[in-house]
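**Student:** Now for the letters of each chain:
2 protein chains.
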Amino acid sequence: MEKTDVLIVGGSAAGLMAGLTVKRRHPEKEVTIVRKASKTPVPCGIPYIYGTLKAVEKNLIPDDNFIKQGIRMHTLAVESIDRGNKTADLADGTRIAYDKLILATGSRPAMPPIPGMQTGNVFGIKKEPEYLAQIQKTLESSRKVVVIGGGFIGVEMAEQIAKMAPANGDAAKDVSLVEMLPNCLMLACEQEFCADAETELRHLGVNVMTNAQVQAIQGNGKVTGVQLASGETIPADAVVVGIGVTPNIDLAQQIGLEADPRLGVKVDAYMRTEDPDIFAAGDCATKFSFFDGQPTGIRLASVACSEGMIAASNLYDPLRKSMGAVGAFGTTVGESSIGAAGLTTKAADDAEIPYVVGEAVFPNRHPGALPGCVCDMKAKLLFHSDTGSIIGGHVRGGDSTADMVNIVAAAIQGGLTAEELATMQYATHPLLTASPLGYHVMLAAENATAKMSGK
Amino acid sequence: MEKTDVLIVGGSAAGLMAGLTVKRRHPEKEVTIVRKASKTPVPCGIPYIYGTLKAVEKNLIPDDNFIKQGIRMHTLAVESIDRGNKTADLADGTRIAYDKLILATGSRPAMPPIPGMQTGNVFGIKKEPEYLAQIQKTLESSRKVVVIGGGFIGVEMAEQIAKMAPANGDAAKDVSLVEMLPNCLMLACEQEFCADAETELRHLGVNVMTNAQVQAIQGNGKVTGVQLASGETIPADAVVVGIGVTPNIDLAQQIGLEADPRLGVKVDAYMRTEDPDIFAAGDCATKFSFFDGQPTGIRLASVACSEGMIAASNLYDPLRKSMGAVGAFGTTVGESSIGAAGLTTKAADDAEIPYVVGEAVFPNRHPGALPGCVCDMKAKLLFHSDTGSIIGGHVRGGDSTADMVNIVAAAIQGGLTAEELATMQYATHPLLTASPLGYHVMLAAENATAKMSGK
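If you're matching them up, the sequences are chains A and B in order. Residue 113 is where the first sequence starts when you use my numbering, and the numbers rise one by one after that. Residue 113 is where the second sequence starts when you use my numbering, and the numbers rise one by one after that.
Honestly, the hints are just simulated from the structure, not real lab data. Keep in mind that the hints are not guaranteed to be accurate.
Identical copies carry no separate label here, and so any pair may be met within one copy or between two of them.
Stated by the list, open to error - Calculated lysine to any residue pairs in the SDA-like style (CA-CA distance at most 25 Å, straight line):
| hint | residue 1 | residue 2 |
| --- | --- | --- |
| 1 | 256 | 221 |
| 2 | 334 | 283 |
| 3 | 148 | 167 |
| 4 | 256 | 240 |
| 5 | 198 | 344 |
| 6 | 378 | 436 |
From just these sequences and the hints, can you work out the full model?
**Tutor:** Listed below in structure tokens is the structure:
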């Protein structure tokens with residue numbers, strides 16, 4: 113029987129981060145990662161396989177990085193776990209004895225409960241190289257593609273499919289994006305930034321359909337169209353579904369751990385399950401909001417990595433506590449980049465949190481005549497009216513959007529106020545940032561302080 | 113007699129920010145800015161006039177932005193101030209009565225006390241459009257250029273002059289950079305990043321001479337060479353001096369305010385001088401370190417802007433306190449960008465502050481196969497050994513270097529710890545940042561926590 117100190121089930125963001133963390137903290141411990149997929153795709157890189165990278169192989173996380181750290185890797189499913197004897201059985205019959213176990217079983221694409229979802233050439237986004245290659249092959253030979261769902265994955269997939277070179281002699285692809293809500297990206301972004309993203313998609317030729325509900329997938333064997341509730345049918349050679357994810361809790365349930373089909377495996381702030389030797393982290397685990405401690409559906413690689421690190425740090429002593437999911441992200445659509453951390457105005461309204469908005473629009477180079485200038489880069493920050501602390505920040509602009517969001521993310525998690533962010537000193541440079549007169553975070557914070565003080 | 117509520121003497125970073133802040137906070141107040149220069153050049157953009165912008169006019173801050181806010185602008189020197197009657201006389205005889213006065217008289221280039229500094233074609237970097245145009249004209253017709261001083265301005269000038277197109281038929285320019293210390297940028301950057309900058313300069317053909325002291329400027333009428341202490345003489349058609357700045361305190365001294373020729377006009381943390389109606393901000397004002405409260409020579413536009421905002425906010429009530437100069441900056445040299453906030457290891461050693469270093473080298477895209485990847489982007493963070501709080505951060509990499517430095521700058525000013533920075537959630541995206549497994553600030557912080565806990 114194989115033996116390991118720490119067994120990690122799942123080899124994507126949370127699992128890999130957990131493995132690296134154990135090796136950093138306890139180099140003497142043996143770590144084994146078991147995953148079903150033959151290789152681990154870079155999860156957030158998946159859309160970029162299609163238009164930019166043009167090959168699944170270019171979007172894989174090399175196992176070597178982990179094997180070099182002394183981590184053992186198995187590419188097999190875990191069939192069962194015996195919690196009493198602390199052993200796990202793999203699909204090939206291998207039995208591994210563990211001391212500590214981390215469940216990082218991730219999530220799978222949610223599929224809408226409508227007729228025809230099993231039709232050929234209808235794809236969710238599974239994190240499996242062979243499946244992703246099959247999507248690529250199908251997309252390459254398809255002219256009409258419908259993407260269902262206008263969240264990150266849907267928007268990024270639509271953008272990338274629109275950028276795919278047409279097959280020899282073909283016209284460019286005919287891409288439609290169907291979103292149920294009034295705007296794409298609406299759960300994560302401010303309305304005006306959603307509208308910008310839609311404009312960028314339209315510039316790329318994408319047919320963006322919002323307030324549109326899918327009723328059925330049509331086709332006999334292979335998909336031929338997507339039927340909407342409005343009665344309209346969009347012709348389709350291929351369909352990509354990106355409406356969200358469902359936590360993988362089967363293994364946890366099988367071994368009697370508490371888990372909710374929608375929320376995930378029950379964990380506390382130390383990422384502990386009810387079993388003192390079993391932790392859970394990443395998409396499979398329950399999430400609570402940083403802001404109000406309520407359950408949340410925020411499932412991002414950044415949350416998964418943070419949880420993987422926290423779980424691994426707590427295996428032998430409860431050292432690190434999760435502060436809850438903040439929701440920090442960035443994306444690019446066409447010529448524009450959008451990012452945010454924390455609450456949108458809508459989320460704050462829904463939670464009845466009183467807030468003041470500070471805004472700044474300024475060129476991201478100084479002078480604006482310098483190459484690479486995005487002259488209307490924008491920051492929109494939300495501060496709690498009572499405490500003055502920042503609770504959300506939204507940025508639209510150049511390539512440094514996500515890094516600027518991380519100033520906001522650090523400020524949210526560190527409890528900084530509008531007053532502090534307004535009077536801080538920021539690094540600036542003509543070729544890299546806005547002028548020190550107009551650095552976006554500073555200026556938006558100052559805009560908010562002026563409103564708060566009534567001046 | 114003209115009258116104004118707030119008179120600001122000086123129209124660069126501190127003065128302009130002060131004017132905008134008064135108008136934001138007290139729209140009903142009349143604000144007048146008086147400056148000597150005909151227009152305000154973007155101060156940090158000056159080097160980029162020469163290689164990138166190719167015209168002084170492209171590097172000016174338009175007065176319109178301020179006139180539109182209702183700010184009056186005079187382009188004349190202030191000859192004298194009567195503190196008793198609260199009036200200022202301009203060079204053309206105009207007398208302006210003020211209620212509150214902000215001195216933002218800035219600084220001038222320091223020139224080394226060596227023979228020959230008055231020779232023709234030897235230039236400091238004055239923030240005057242006509243003078244900057246004269247430098248451009250001279251550089252365009254010069255083949256051999258020596259830059260004295262390897263700080264920011266010297267490195268950026270050398271880089272830009274090396275990038276200037278040669279005149280018709282000429283060979284490329286022959287640029288030498290002479291620095292007294294063992295490395296360029298040594299007062300601001302970690303040694304390994306200084307070495308990177310020198311490598312980039314050498315790739316551009318710049319003759320980088322460190323540990324080299326200038327003894328005299330040679331030439332009769334026009335410069336012909338720069339003589340070093342080693343005995344060597346570097347031939348030169350033009351010389352640019354960038355060894356630092358001297359605060360402009362003449363006006364303050366003339367009206368009896370305490371001022372030190374090296375440190376500047378004496379101010380408290382509210383940017384107040386001894387006169388209750390006179391404030392000072394920016395390069396002309398004394399600076400104290402954020403870290404130990406000691407006088408410091410850190411004169412950056414970011415500090416000036418922060419001080420201009422603080423001074424203007426305090427005119428009628430002492431509302432905002434300066435936390436002292438942090439020293440946050442970014443720059444680019446050749447293909448590399450470098451930035452930092454707070455203390456270097458050398459500065460921490462000199463101040464006898466015990467610290468732990470955390471480092472991370474990781475691609476700034478994920479997967480690394482994506483376009484624009486800088487695969488060895490590096491962050492080096494310094495944390496106080498006792499408190500765990502971050503006291504410095506250094507970044508080398510892509511175009512988002514300065515924005516990433518600002519995560520560090522916010523963390524320093526907000527007192528965040530290595531533990532907090534390690535377990536935070538950061539926005540990431542394949543085309544914009546490192547992977548969530550390797551976001552530089554997180555990984556460097558985690559590296560430090562592992563050292564601090566002895567694990």
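**Student:** Give a verdict on every hint.
**Tutor:** Right, here's what the structure says about each hint:
Only within a single protomer do residue 256 and residue 221 lie at most 25 Å apart by alpha-carbon distance; the minimum there is 22 Å, versus 64 Å between protomers. Proximity of residue 334 and residue 283 under a CA criterion of 25 Å is satisfied intra-copy only: 21 Å inside one chain copy versus 66 Å between copies. Within a single copy, residue 148 and residue 167 get their C-alpha atoms as close as 21 Å, which meets the 25 Å cut-off; across copies the closest is 60 Å, which misses it. Only within a single protomer do residue 256 and residue 240 lie at most 25 Å apart by alpha-carbon distance; the minimum there is 24 Å, versus 60 Å between protomers.
Neither within a single protomer nor between protomers do residue 198 and residue 344 lie at most 25 Å apart by alpha-carbon distance, with minima of 55 Å and 76 Å respectively. For the identical chains of this complex, residue 378 and residue 436 are intra-copy neighbours only, at 14 Å inside a copy versus 46 Å across copies, given an alpha-carbon limit of 25 Å.
When held up to the earlier numbered hints, the structure conflicts with hint 5 and nothing else.
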